[in-house]
Each structure stands twice: as structure tokens, then as C-alpha cells.
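Those protein sequences? They're chains A and B, same order as listed.
Per the numbering used here, the very first residue in the first sequence carries number 15; after that it's consecutive.
Per the numbering used here, the very first residue in the second sequence carries number 4; after that it's consecutive.
Think of the hints as simulated: they come from the structure by calculation, not from any bench.
Derived DSBU-like pairs (lysine-lysine); straight-line CA-CA distance at most 35 Å:
| id | chain 1 | residue 1 | chain 2 | residue 2 |
| --- | --- | --- | --- | --- |
| 1 | B | K149 | A | K197 |
| 2 | A | K83 | A | K50 |
| 3 | B | K233 | A | K102 |
| 4 | B | K229 | A | K102 |
| 5 | B | K149 | A | K195 |
| 6 | B | K184 | A | K102 |
| 7 | A | K114 | A | K51 |
| 8 | A | K114 | B | K97 |
| 9 | A | K195 | B | K157 |
| 10 | B | K97 | A | K149 |
| 11 | A | K195 | B | K184 |
| 12 | B | K207 | B | K78 |
| 13 | A | K197 | B | K151 |
| 14 | B | K151 | A | K202 |
| 15 | A | K136 | B | K151 |
| 16 | B | K149 | A | K102 |
| 17 | B | K187 | A | K102 |
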Amino acid sequence: MEYFEYHNVVIESPNSRGAESYRKLELNIAMMSLDKKVQVVQSTSAVPEDGKTTTAINLAAVYAEKKKKVIILDLDLRRPKIQLAFHKPNDKGFYDYVTKDVDYHELIIHDESGIDLLLTGKHISFPHIVLESQKTVALIENLRKEYDYIIIDTPPVLSVTDPLIVSKYADGVLYVVAYNKTKRDDAKAGLAQLEKNNANVLGSVFANIDIKRFKGYHSYDYYNYSSDNGKLH
Amino acid sequence: MIDIHSHILPNVDDGSDGMETSLAMLREAAGLGVSDIFLTPHYMRFRNYLSPSSINREIFSRVLEEVKREKLPIKLHLGNEIYYSVDMLDAIRKGVVLPLGDSDKILIEFSLLEEEDDIGEAIANVISLGYVPVIAHLERYPYVSKTKDYEIMKRMGALIQVNARSIVRHSDFAAHNKAMKLLKAGLVDFVASDQHRPGHNHMKEAYIFVSRKYGKQIAEKLFVNKSVIK
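Please take these sequences and the hints and turn them into a complete structure.
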């Protein structure tokens with residue numbers, strides 16, 4: 015049994031170095047959007063527990079801070095985590111949109127942070143098929159019209175094909191590498207897969223995660239990042 | 004003693020089969036020194052125990068009348084033992100199922116056979132609704148046995164209930180061992196009867212056992228946990 019606790023430093027400690035690093039991340043993405051707008055941002059990593067969810071929620075908080083209309087879409091349909099980061103019940107969400115034709119507006123949670131959330135809801139049996147469906151593509155297209163930014167959390171690249179499918183409709187991919195944890199070969203292999211699939215990798219977010227381990231209980235706390243356009247040395 | 008888990012509410016689940024049986028169970032509990040008891044009928048889809056709170060409240064008020072008539076020295080509270088699935092979140096929101104009395108605690112159980120739902124996920128979901136989950140008879144789930152897992156549940160904010168029977172009866176050896184392990188690790192919050200019929204209330208026996216092994220203070224903490232009573 016595992017449980018994860020997430021910290022949104024941008025909200026919880028806005029003056030911290032960690033918060034500042036996410037503001038820099040946002041700035042870097044903005045610089046890369048000069049020619050082609052990066053509106054749909056995907057967060058992924060090579061292997062689990064490398065900080066992709068922490069990156070997604072903190073980046074979203076930076077957008078909310080700037081009064082941008084932002085939504086986090088949790089498309090990690092296998093091990094969803096966004097509900098834990100925002101302490102929300104996860105019984106309604108993407109599942110209801112896909113399987114029951116529920117209007118997605120009814121499924122969106124308006125968090126007090128100013129960030130909107132579309133959680134996974136119940137478990138979906140064939141995530142990769144659902145992610146490739148026209149319904150999912152249509153959802154992203156509709157959200158584009160309603161939000162300034164759409165941040166998508168996805169599973170790790172080396173675990174399943176889901177993130178490669180999502181990268182097809184994302185404008186850019188943040189590839190999160192925990193430099194105190196991710197193995198170099200894993201990091202390279204994951205990035206190679208994204209590139210092979212023509213994903214627009216915006217940069218590698220180097221996370222310095224201080225994982226406080228309490229016998230399987232992970233607490234993502236302090237965080238740092240740097241981006242060098244996806245080049246891994 | 005305060006017993007937070009019993010199947011005394013008549014004719015709604017596999018517990019009491021009628022008012023007389025319920026009264027026999029209540030007399031017995033009072034005689035053993037139980038001052039407060041929670042009537043926690045199953046709410047369990049796959050066995051079709053789906054009596055909603057509206058019906059349970061009516062039955063409960065009839066039991067209350069009988070207890071009053073007999074002047075039994077025991078206070079009754081209503082709740083549920085909710086068999087967790089993600090659908091239960093809506094049942095909780097709508098009040099179809101009940102927390103333990105007037106408290107913010109919700110008694111939830113899981114499959115006794117195999118892991119169907121992630122307990123961690125269940126805990127996070129129940130907490131996000133503003134309730135504190137109490138895991139019913141944690142010692143009885145064959146797929147959870149690591150102290151590490153118990154600790155994570157506690158750290159996440161869940162409370163742990165162990166059956167009195169598991170402490171003093173060795174027939175289910177695995178459950179007994181895990182109950183001992185939980186007690187030894189100091190992870191138990193409630194010991195309850197989970198009584199289904201008369202003659203099966205092990206509260207007093209278990210109290211004496213825990214009191215001898217761990218001291219009266221610990222026994223009081225586990226058998227007279229007042230956090231569920233306002």
C-alpha cells in the first residue's frame with residue numbers, strides 16, 4: 015500500500031525558492047510560445063514517482079496566480095493522483111464523460127485555489143483506447159475554447175503507451191526527471207520514446223525531490239527545476 | 004464500554020432477526036457493562052442489504068421505545084457499516100447511509116475475500132467528504148497484513164477498529180494474530196463487538212484480556228473511546 019501527499023508550494027509558500035522555480039518554468043514555457051501558442055501542456059516522466067504530478071499542480075497554480083483560466087485534466091487513468099493533491103473525492107469525472115455522455119461542465123470541480131479540475135472518476139478498463147477516441151480529442155478541443163491553459167497529467171512514459179497518445183494532442187510536453195532518483199538510462203529511454211513519437215518536448219524539468227519516506231508514505235515537498243530544452247546529458 | 008459496531012437493528016441485514024432478538028442482545032451488552040452501543044447495519048450491495056437511513060431511523064425509534072420501556076441502562080446510537088465502493092460516496096453525500104451517531108466518523112468495511120477496492124483510495128475519498136473513516140475489523144482482511152500498511156492508513160487519517168472476538172477467540176488464527184499485532188503496535192482505536200446474534204458478545208472478555216496484557220489505561224482507551232459521542 016502506498017499513499018502520496020503533495021505540496022503546492024506556489025499556493026502554500028508563495029515566497030519560497032520552490033515557488034519561484036515554478037514561476038520560472040512558466041516564464042520559459044511562455045518564451046517557447048512566441049511563435050506557436052503552448053496552451054495544452056502535458057506533464058510526464060520516465061518512471062513513477064518522479065514529480066510529474068507535483069509539476070502539473072504547481073504550474074497550474076502559477077497560471078491561477080496570474081489570473082489565467084486554467085484546468086488540470088487528469089489523464090493518468092491508471093494511477094490518478096490529482097484528487098489527492100487537491101483533497102477531492104474522485105467518484106465523478108472523465109469516466110462519466112466518456113461512458114455516460116455527461117456534460118463535462120458538470121464534472122469540472124472549481125477548486126478554491128482558482129484552478130479547475132477534471133478528475134478521472136471511476137476506473138476505466140482500456141485507457142489507451144479511450145485516450146485515442148474522438149471523444150477525448152473533442153474534449154481537449156472544447157477545453158481549448160474555454161481555458162487559457164490546460165494541463166494534463168499522464169502516466170510515466172516507460173510504464174504504458176498512454177502518455178505517447180496524449181502527446182499527440184498536447185502542444186508541449188514537460189518531461190520531469192528527478193535528478194536524485196530517476197536512473198539516467200530510464201530518463202534517456204523515456205525521452206527517446208517521446209521524440210520518436212514526434213512529441214514537442216518543451217524541456218526536461220529537473221526535480222530535486224525531497225521525498226520524506228514514512229514506510230511507503232511519500233511526501234513531495236521542496237522542489238527545484240531547470241530546463242534545457244529536453245537535452246539530457 | 005462503548006461499542007461502535009453491532010448488527011442489532013432488526014431485520015435489515017444478517018444480524019438480529021427480530022425485535023426480541025435485538026432486545027436480548029441489548030440486555031446482554033448492558034449486562035457486560037456496555038453503556039453506549041452503535042447499531043450499525045450493513046449497507047452492502049452485493050448481498051442486497053440496502054436498507055436506507057429513512058427506514059433504519061424508523062426501526063431504530065421502535066427499538067429505542069422498547070429499551071425505554073424495559074429501562075435498560077444502555078444508550079443507543081444509529082450508524083451503518085458501509086461496504087466500500089466508489090458509489091458509496093454519493094450514498095454518504097445524500098445521507099442514504101449514516102455516520103456513527105452524531106460524530107464525523109464513518110464505519111467502512113471491505114471485501115473479506117480479495118482486494119476489490121484500494122483501501123488507501125477509499126480513505127482519501129471519505130476524508131475528502133469531510134468524514135473520518137473507521138476501518139471495520141481490519142484484522143479480518145486476508146490481503147492486508149503488513150504493519151507498514153496499517154501505519155499508512157493511520158497516517159492518512161483513518162481509525163482502526165478490531166473485533167473483540169478476534170482478540171479472545173483463536174478459531175480464525177490469522178485474524179487473531181493480526182489483532183494481536185495491531186494491539187502490540189498501538190494502532191487500534193476501537194475494539195467493538197460486531198455482534199450478529201445473542202450469546203456472541205466478547206467485549207468484557209476482551210477488555211479483561213487487554214487490561215491484563217497492556218494495562219487498564221490502554222483498555223479504557225480502546226473500549227471506552229468517547230470520540231464518537233458528543
